[in-house]
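Novice: Sequence:
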Amino acid sequence: METTVLGRTGLEVSRLGAGLAEIGSLEDAGEAGRVLNRALDAGINFLDTAECYGRSEEFIGKTVSHRRSEFVLATKAGHVHGPDALPAEPWTGAAVTGAIERSLIRMKTDAVDIVQLHAYDVPTPPPDEVIEALLSARDAGKTRFVGYSQENEEADWAVNSGMFDTLQTTFNLVDQKARHNLFFRARAQGVGIIAKRPIATAVWGISADPAGLQGIRRPFAERAQAMAALGPIPGAPDDPIALALGFVLAHPDAHTAIVGTRNPAHMLANIRAVETQLPIPDTVVEELRSRFDQLGMGWPSLDVVR
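Per this note's numbering, residue 3 is the first one in the sequence shown, and the count goes up by one each step.
It cannot be assumed that every hint is accurate.
Quick list of simulated restraints, FRET-style, between CB atoms [what the hints assert, rightly or not]:
1) E33 <-> S292: 35 to 45 Å
2) E91 <-> V7: 15 to 25 Å
3) D112 <-> S292: 47 to 57 Å
4) E33 <-> G207: 35 to 45 Å
5) G233 <-> D284: 13 to 23 Å
6) A96 <-> L232: 26 to 36 Å
7) G214 <-> D141: 45 to 55 Å
Derived pair list, reagent style DSSO-like, types lysine-lysine, alpha-carbon separation capped at 30 Å [what the hints assert, rightly or not]:
8) K144 <-> K64
9) K110 <-> K64
10) K144 <-> K110
Calculated from the structure, these hints are not laboratory results.
We treat Cβ as the ideally placed atom computed from N, Cα and C, and that holds for glycine.
Let the hints inform the model, and build the full structure from the sequences given.
Specialist: Structural data, given as structure tokens:
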């Protein structure tokens with residue numbers, strides 16, 4: 003598995019990371035453990051979770067905490083979530099501090115590598131007490147670095163603020179806004195980029211009517227079909243997952259791309275695609291960029307809770 007350095011953090015991370023929202027909906031720790039251990043065994047060393055991802059943090063603690071030295075661990079804070087949450091208003095200093103404390107207990111670790119503000123419904127800039135709580139956790143050694151998770155103007159603010167070591171933001175073949183200026187500014191600041199939704203909910207190549215799809219899959223599918231309608235792409239892999247991951251990982255500014263699954267076989271298939279079918283031809287990457295620039299310069303980066 004190819005690795006790279008996550009911006010100014012100095013953390014060496016696998017280019018393919020594991021997003022752990024999906025395992026949070028599982029009932030059985032054994033099922034979650036199979037996904038997590040297979041990922042680690044195959045060379046993935048970047049795990050991204052959040053306090054609001056169901057039982058995800060709990061399963062990390064139960065199944066791979068004994069392997070803590072083998073992976074970079076990132077979580078997100080800011081909500082008031084779960085039966086063990088103390089009374090607090092969301093997006094306050096108390097909520098952030100409480101979330102970090104619960105996360106450490108659930109994941110059976112003294113510290114995480116990155117705590118990110120899961121900033122989908124908080125004002126930009128966040129309240130001072132929220133930032134102070136995050137920085138206090140870093141100063142106390144509960145997290146090594148601090149990050150931000152958002153898109154569009156909020157992502158611009160986070161990078162320009164100079165306060166955050168990492169930015170998690172959407173980037174894929176149908177949502178390319180981040181490569182216009184954001185990546186450049188992040189590189190100049192040394193901000194590590196965590197690319198979320200890199201396979202664009204697997205919409206490339208589907209023939210279903212987007213009107214029948216739910217949530218973010220609908221606009222992703224509409225964009226994919228508009229881009230595909232411009233004709234075949236010579237040299238593109240037949241596997242749409244390999245195409246999607248190949249596009250994202252062709253951009254060195256996207257340090258790691260996190261893909262989520264609750265199925266161990268899907269996890270291994272993603273890893274095989276990265277290891278055996280990448281890189282994709284430069285001409286394919288350029289054609290996907292050109293099609294997006296032709297059709298999608300007015301498309302905002304899609305920001306939904308994840």
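Novice: Against this structure, judge whether each hint is valid.
Specialist: Checked hints:
1. Judged by the Cβ atoms, the range 35 to 45 Å given for E33 and S292 holds: they are separated by roughly 42 Å.
2. Range check, E91 to V7: Cβ separation about 37 Å, and the 15 to 25 Å hint is violated.
3. Range check, D112 to S292: about 48 Å between beta-carbon atoms, so the 47 to 57 Å window is met.
4. Taken as a hint, the range 35 to 45 Å is violated for the pair E33 and G207, whose Cβ atoms sit roughly 29 Å apart.
5. Checked against the hint of 13 to 23 Å, the pair G233 and D284 passes, with Cβ atoms roughly 19 Å apart.
6. Checked against the given bound of 26 to 36 Å, the beta carbons of A96 and L232, roughly 51 Å apart, lie outside it.
7. One distance hint, 45 to 55 Å for the beta-carbon pair G214 and D141, holds here, with the actual separation near 50 Å.
8. Our distance criterion of 30 Å between C-alpha atoms is met by K144 and K64, whose separation comes to about 20 Å.
9. Taking the CA atoms of K110 and K64, the gap is about 8 Å. The hint holds against a cut of 30 Å.
10. At most 30 Å may separate the alpha-carbon atoms for a hinted pair to count; K144 and K110 meet this at roughly 12 Å.
Of the numbered hints given earlier, the model fails hints 2, 4, 6; all others are met.
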